[in-house]
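Undergrad: Here is how the chains run, residue by residue.
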Amino acid sequence: MNRPLNRSATQGRWARFLAYLTAEEDATPLALVRIACATTVVLHLGSFLLSGAADVALVHRELGGLSFSYGWFDGGLSVEGVHLLLVGVIVAAVFSALGLFSRPALLVTYLGYRAVSELNPSARGSYDNLLVDILFLLVLSGAGRALSIDARYRGKGGLTARWPRFLMMVQMGLLYFGSGIGKASSTWVPGGPASALWFILQQPTWARFPGLPLWAYPLTQIATTTTWIFEVSGLVFLFALLIGESEPVSPRLQRIKAFFARIRFVEGYLLFGLALHLGIELTMEVGAFSWASLALYPAALGPARVAKLRAWLASGPRRRG
Amino acid sequence: MAKRRKRRGKRPPTTAKAADQVPSGPRAGSTVESTAAATADRARGPEPAARRSGLARWLPHLIGAFVVFHVAASSLSMIPSLSRALDRRAWADERAQREMRVWSARFGMEQRAFEDELYEVVVTYQTVRDRALTPFEPYMRWTGQRQSWLMFNAGTQSSDRFGVRARDCASCPWETIYLHADPAHAWRAHQLGHPRVRSMIFRWGWPSYAERYDAGCRAIANLAFLDDPDTQYVECGFSRTTLHSPDLPDPPPPEWGRTVVVRRPAP
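Just so you know, the sequences run in chain order A and B.
With the first letter of the first sequence counted as 1, position 220 gets the number 219 in numbering that gives the first Met the number 0; the numbers rise by one all the way through.
With the first letter of the second sequence counted as 1, position 65 gets the number 64 in numbering that gives the first Met the number 0; the numbers rise by one all the way through.
Because the hints were derived from the structure by calculation, they are not lab data.
On a predicted model such as this, the values are computed, not experimentally measured, just so you know.
Hints should not be assumed to be uniformly reliable.
To be verified - Stretches of chain B that chain A covers, calculated by requiring three or more beta carbons in the stretch to come under 8 angstroms of a beta carbon on chain A: (1) 69-75; (2) 138-148; (3) 152-164; (4) 241-247; (5) 254-265.
Quick reminder that beta carbons are idealized off the backbone N, C-alpha and C, glycines included.
Only chain A is shown next, with the shape it has when bound in the complex (with noise of 0.2 angstroms):
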């Protein structure tokens, strides 16, 4: 007798499920991740090609370089043909920043950077990963239709589907929950020293900054075990964020919406990431990861946040005041 119902019941779910995902909204944040994401491929690989960095790195060492990989091509490639590998991408990308062609030149800006970091993988980070992950939705996305050439001069501006905001919503929570959980060791595990950061902040293969002074040793502790805390935090992050999209029915779900909502949880988060980004980009030279991690921020803030943010920042400073 349950069976039907509870068939019903599912139907319900899964068709409620696919309202929310293919409902339609203004792209403007998809928007500013490509602009951001792109704009990120743009500098990183320009700063690779134009170092020099590049040619010894991309090069297999039958070649004269460091890689021991082929990648994507037979042979490997030679240094010219790395120059015409890297411009390629960062053409591709100059064209998905300002939108024009944008699902093609997201394509290809996709499979360029594949191509790039598949070259040498021990030469990557998981900025290549994060990259890659947020280039390959914003192909399935319609992230051109707005703040684009596209959008302006083409006619092909308009609303886009929620689905792939909500798979960038989804990695985010991920890349913050899976970046906490590896942080295992007894540094950073609230109860022991609390001194990852300490030590971290001084690597020399890392570090902007040559030695930090003995007073600053509680200032660590305390960013070592907020980061911590904001990492594994990142699927109550994600959950916030989606509980905040819906409206529920149940009182208890509710009231957990209404207590997110009260605290800013997800506002406070955000600003906690920006905080944490900005200061390892100050302290630290770790590449694209920084950048690639705040490229994706616009996709949590939503059609709604963005829409006031733009109303905040179109109002000029003299009125905000």
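Following the hints, position chain B against chain A.
TA: Frame of chain A; chain B shown alone:
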């Protein structure tokens, strides 16, 4: 036929429980209130014109299935891989040994027994993780996605700093030509100091990367031979640095070690 059409058009009942658990359409402020209802209808059952098109009817379901699949694949991939920990050579490193000492003490175990026990756990964990990921592995591989977010997992008192030394003859003194982040020894620093190259060299510091370190040093030596025709020997190495801290305000000086020496090839 009429029966099938009726079934397709039937909207599934929405229970309070379902509404609790699944997010609904956009909120006020998300600019598309009017379209939310339309898309909800589309998901429940397509409009008469669209019903004739199979793709339009199934597209929301395909999207839903893809999203569920993608989230499952990404979530499972995010669970950290410990494949590198299966190589127990890496456990001999001083930094790993320090962790073993701390955690074995916390668990009240003798260190050797703790390490053996931990190894068994790691093997089981990795086996289960790999099996769970198997159905999703082709998708992740073909789309190039990775969800490995292990970054700065440990902050340790010891750290390695890469350097390169050169000399013109077997009995000549070594001259440091590159030491990471040292402006006084900055040969090809624009290349060796780039974050991507540093990332690669950082890995060479671990025992399990010995082979790559050896080959990498040979490539760097070739650059040095190219730049200076007088150089006959190149040595790569790591300056093992102990960082200062409240527990150790005056650390010992860095020690140069783990060297690889490359001799200029005969013409």
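Undergrad: Okay, the segment 152-164 of chain B and chain A, do three or more residues pass the C-beta test at under 8 angstroms?
TA: Check passed, 9 qualifying residues.
Undergrad: Please check whether the segment 254-265 of chain B has three or more residues whose CB lies within less than 8 angstroms of a CB on chain A.
TA: That given contact is violated, which follows from only 0 residues of the segment 254-265 of chain B lying within Cβ reach (below 8 angstroms) of chain A.
Undergrad: Is the listed coverage of the segment 138-148 of chain B by chain A valid when you require three or more residues with a beta carbon under 8 angstroms from a beta carbon of that chain?
TA: holds (count 7)
Undergrad: Test coverage of the segment 69-75 of chain B by chain A using CB-CB distances below 8 angstroms; three residues minimum.
TA: Satisfied; 4 residues make the cut.
Undergrad: Can you take a look at whether the segment 241-247 of chain B is actually covered by chain A? Rule is 3+ residues, C-beta closer than 8 angstroms.
TA: Answer holds; 4 residues pass the 8 angstroms Cβ test.
Violation of the numbered hints given earlier is confined to hint 5; every other hint is satisfied by the structure.
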